[in-house]
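Sequences and hints are given; from them, build the entire structure.
Number of protein chains: 4
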Amino acid sequence: MLTIADKTFDSRLFSGTGKFASDSLMIQALEASGSQLVTLALKRVDLSGGQGDIYGPIRDLGVNLLPNTSGAKSAEEAVYAAHLAREALGTRWLKLEIHPDPRYLLPDPIETLKAADQLCAEGFVVLPYCHADPVLCKRLEEAGCAAVMPLGAPIGSNQGLKTREFLQIIVEQASVPVVVDAGIGAPSHACGAMELGADAVLVNTAIAVAGDPVAMAGAFRQAVACGRSAYEAGLGQVSAEANASSPLTGFLE
Amino acid sequence: MLTIADKTFDSRLFSGTGKFASDSLMIQALEASGSQLVTLALKRVDLSGGQGDIYGPIRDLGVNLLPNTSGAKSAEEAVYAAHLAREALGTRWLKLEIHPDPRYLLPDPIETLKAADQLCAEGFVVLPYCHADPVLCKRLEEAGCAAVMPLGAPIGSNQGLKTREFLQIIVEQASVPVVVDAGIGAPSHACGAMELGADAVLVNTAIAVAGDPVAMAGAFRQAVACGRSAYEAGLGQVSAEANASSPLTGFLE
Amino acid sequence: MLTIADKTFDSRLFSGTGKFASDSLMIQALEASGSQLVTLALKRVDLSGGQGDIYGPIRDLGVNLLPNTSGAKSAEEAVYAAHLAREALGTRWLKLEIHPDPRYLLPDPIETLKAADQLCAEGFVVLPYCHADPVLCKRLEEAGCAAVMPLGAPIGSNQGLKTREFLQIIVEQASVPVVVDAGIGAPSHACGAMELGADAVLVNTAIAVAGDPVAMAGAFRQAVACGRSAYEAGLGQVSAEANASSPLTGFLE
Amino acid sequence: MLTIADKTFDSRLFSGTGKFASDSLMIQALEASGSQLVTLALKRVDLSGGQGDIYGPIRDLGVNLLPNTSGAKSAEEAVYAAHLAREALGTRWLKLEIHPDPRYLLPDPIETLKAADQLCAEGFVVLPYCHADPVLCKRLEEAGCAAVMPLGAPIGSNQGLKTREFLQIIVEQASVPVVVDAGIGAPSHACGAMELGADAVLVNTAIAVAGDPVAMAGAFRQAVACGRSAYEAGLGQVSAEANASSPLTGFLE
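Sequences listed follow chains A, B, C and D, in order.
Counting from 1, position 227 in the first sequence corresponds to residue 227 in the UniProt record's numbering; the numbering is continuous, with no gaps.
Counting from 1, position 240 in the second sequence corresponds to residue 240 in the UniProt record's numbering; the numbering is continuous, with no gaps.
Counting from 1, position 174 in the third sequence corresponds to residue 174 in the UniProt record's numbering; the numbering is continuous, with no gaps.
Counting from 1, position 64 in the fourth sequence corresponds to residue 64 in the UniProt record's numbering; the numbering is continuous, with no gaps.
Quick caveat, the hints were computed from the structure, so don't treat them as lab data.
It cannot be assumed that every hint is accurate.
In this list, chains with the same sequence are indistinguishable; a pair is considered to hold if it fits within one copy or across any two.
Below, a list of computed lysine to aspartate or glutamate pairs in the DMTMM-like style, where the Cα atoms sit at most 20 Å apart [claimed, not checked]: (1) Lys138 to Glu172; (2) Lys114 to Glu142; (3) Lys73 to Glu142; (4) Lys7 to Glu76; (5) Lys138 to Asp101; (6) Lys114 to Glu165; (7) Lys73 to Asp10; (8) Lys114 to Glu31.
And the structure:
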């Protein structure tokens, strides 16, 4: 059971809502994922409740919403978006994303900490997307963030855990939950993140662009569960040499 | 559903029986793994049916047995062991292992092909353990082997898929099932092998030496299932750049 | 020819002075390295000019000095150390290092940018050690830093280019020289950093703890030179398939 | 100084002659490489000495020739090519290559050993191209081969040392020189192969297809030299944690 701020989650797979071919496919995939926390860009919420609004169908799933500030290029823009999101969706929960560069969408450490400081002070439950920078994660934690969301690789790249060595350090040092976000491109990556001790992962692109997004969502659900089980069961040591699994000494003496 | 020779399998996780702290732990782990094909070293079968025999308890599980020739250093020794195994266990199925070097336990390509030629001709269902050598795998297939079992890394090393690029080629070229054997040290490795198109994996050490082998067996069971699902669902492309999962153009215009 | 601020360098290998078994070995290694920029911790400079001072011998080499603020845990401490260093060594050049955590010695992005802002304004030539965070590197550049020094892996770990994907982005986006610092454990790592377009590398531990530090310094000198040559000569594409280097079509027709 | 059979070499970089844009570029690159052993496909030798013959210009370089059997798909074809090569080029030296599959050009372990057996018995100095299979390398050595040439990755792929763990074992176990062949795509790869203890490397595609093949040949020359120096100087240990290169305890007490 994972606890973040005042909520508990049975599922350690969080999902995103972008890039799906249709809203109905998105809803089916969210159901198959078993996710209890779902992020959506504020821009996709039609504040007037008109057509094209994805908020209604997602709300009907009964999941917790995690509005994000995707598109914000500064702390100021992110804070503004946070306020709108709280108003529109009635939640204090927020995925804080600030990425000034449109090509790699990498998060800005300075603006992110600045916005986190302010939003935590205002009572938001802040989950910041950040580089896999162990010192920054500690600072975000000290600012009052409810969790940290370090990246595995650039958003949507499907490259996997390119920051593995640093994620390991973050997990070792963190006092709040660590949610690996961005770059996870296959269930094996999600499983690997859980094996090294992450508390949860957030997946979007890898599910949305799969040949069969609903089946892929189910695969990620299992992958996160088994990665967690493996972490709890205790993985064996890696060795440079072989170790016979079958008895070898002497041949059928 | 996986078919090898005349048998079909619901589970794509095959298990080994070495290195467990006790026989009862081994039996529980085998049950938790859901494996329907279980390998055991001929040496561990007490041909007189006395104490210390592991054959009885495994047989009672109702799984298919895959005796192996672990310890054999030449084709001649392997063929001899195969004959004993067929006699003792009443099965034509055989995991052919020939590894002359005791430190890394790497398989001998020449002796393995030689033994495979003979044993296939004699009617054995031969599954050879071999290097992740695509040409050798084709030759073993041409010799009549029912599957090929290329390694991910040295036996018992838990290093994972060190031969990934070559496994990919083997999967692309093989006309018989490809079972990744040796080196798989974590569920994420097993999942990754399935994602790249392997038909099954064989795991032993990573389960046997885990802190909780029974829980780890369950984790591997899930990992293999979700890796297969992901392969069938179609994984997305990996890209060097980021691809926004949330809409970005303009900030809340 | 590499230019940083107002200086030009023939050599793209910068060296550190810590961990050598003796000062005379350090001096010989520095000579063998061909380095024209050498970093030293302010603590190692005996401000009274007494015994144990390493400043004298290094100065006699005729290299440029790059005092560092190693040990500083905050911007304030780093600025204080910078002032002392300028006074003691008569140079405005500074390697800015702020790492609050003693285990992994990873740099603090917030304090580093804060100190960089102030020191650049005061006229220092600031080369900040930082995480391989492309956005942070841009911010440090905007603050007026003369170069950025992203890490390959934790200091002294010899792990190599664990941040390769991010270094590539930093090189692509930077308008100031990029000096890969920390983690480089072998000449092949230094060569690889230069091949991906880094302007220079800083090496310390890998030379100091080598079996023969002087020979290793010479190896790094060559490695940096040939990595740069390769970058300039234009590396070939990597492909998933083979491409015959010898003509194949038909056998001796 | 490297010794193979009855010859000694100052240079540990061997070169190939395929894929160059022109013969004159090839000759210049060979000169820049400093190679003393150069491989060429028998097909490229005009046995009548007419136009398009590359043998003449290469011979004039004063290097040792290593004709190869590229294109041979069986031991029989390779032996036939070996005889022609000996006749045409007046050398007993031979790079034995047998690759039945045109897509990945991976070597056939069975046919290669068979041809090696025969050619060694006939007095050839055989250097076989083979998979990075430690057991196969031992068998080729026992057959009388003068060196072994395990691959880093498929020929011409520029992927680098994908077989690193196995090359390490081959180097540890071999009693004849180990020449890493195929897949080396950058000087850092060649340097890395030498650092792990290879005796030499063979490079072709990475030089021939570079933007400036002559400069790239020079870069490889240096890379091999410094990788060897590093191996001899003794590389430091890799650690999971940081190790301060500058003194840290207490800040300017």
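Hint check:
no., hint, result
1, Lys138 to Glu172, "within (11 Å within a copy, 29 Å between copies)"
2, Lys114 to Glu142, "both (12 Å within a copy, 18 Å between copies)"
3, Lys73 to Glu142, "between (23 Å within a copy, 16 Å between copies)"
4, Lys7 to Glu76, "neither (28 Å within a copy, 39 Å between copies)"
5, Lys138 to Asp101, "between (24 Å within a copy, 10 Å between copies)"
6, Lys114 to Glu165, "neither (26 Å within a copy, 27 Å between copies)"
7, Lys73 to Asp10, "neither (33 Å within a copy, 39 Å between copies)"
8, Lys114 to Glu31, "neither (35 Å within a copy, 46 Å between copies)"
The structure fails hints 4, 6, 7, 8 (numbered hints given earlier, in ascending order).
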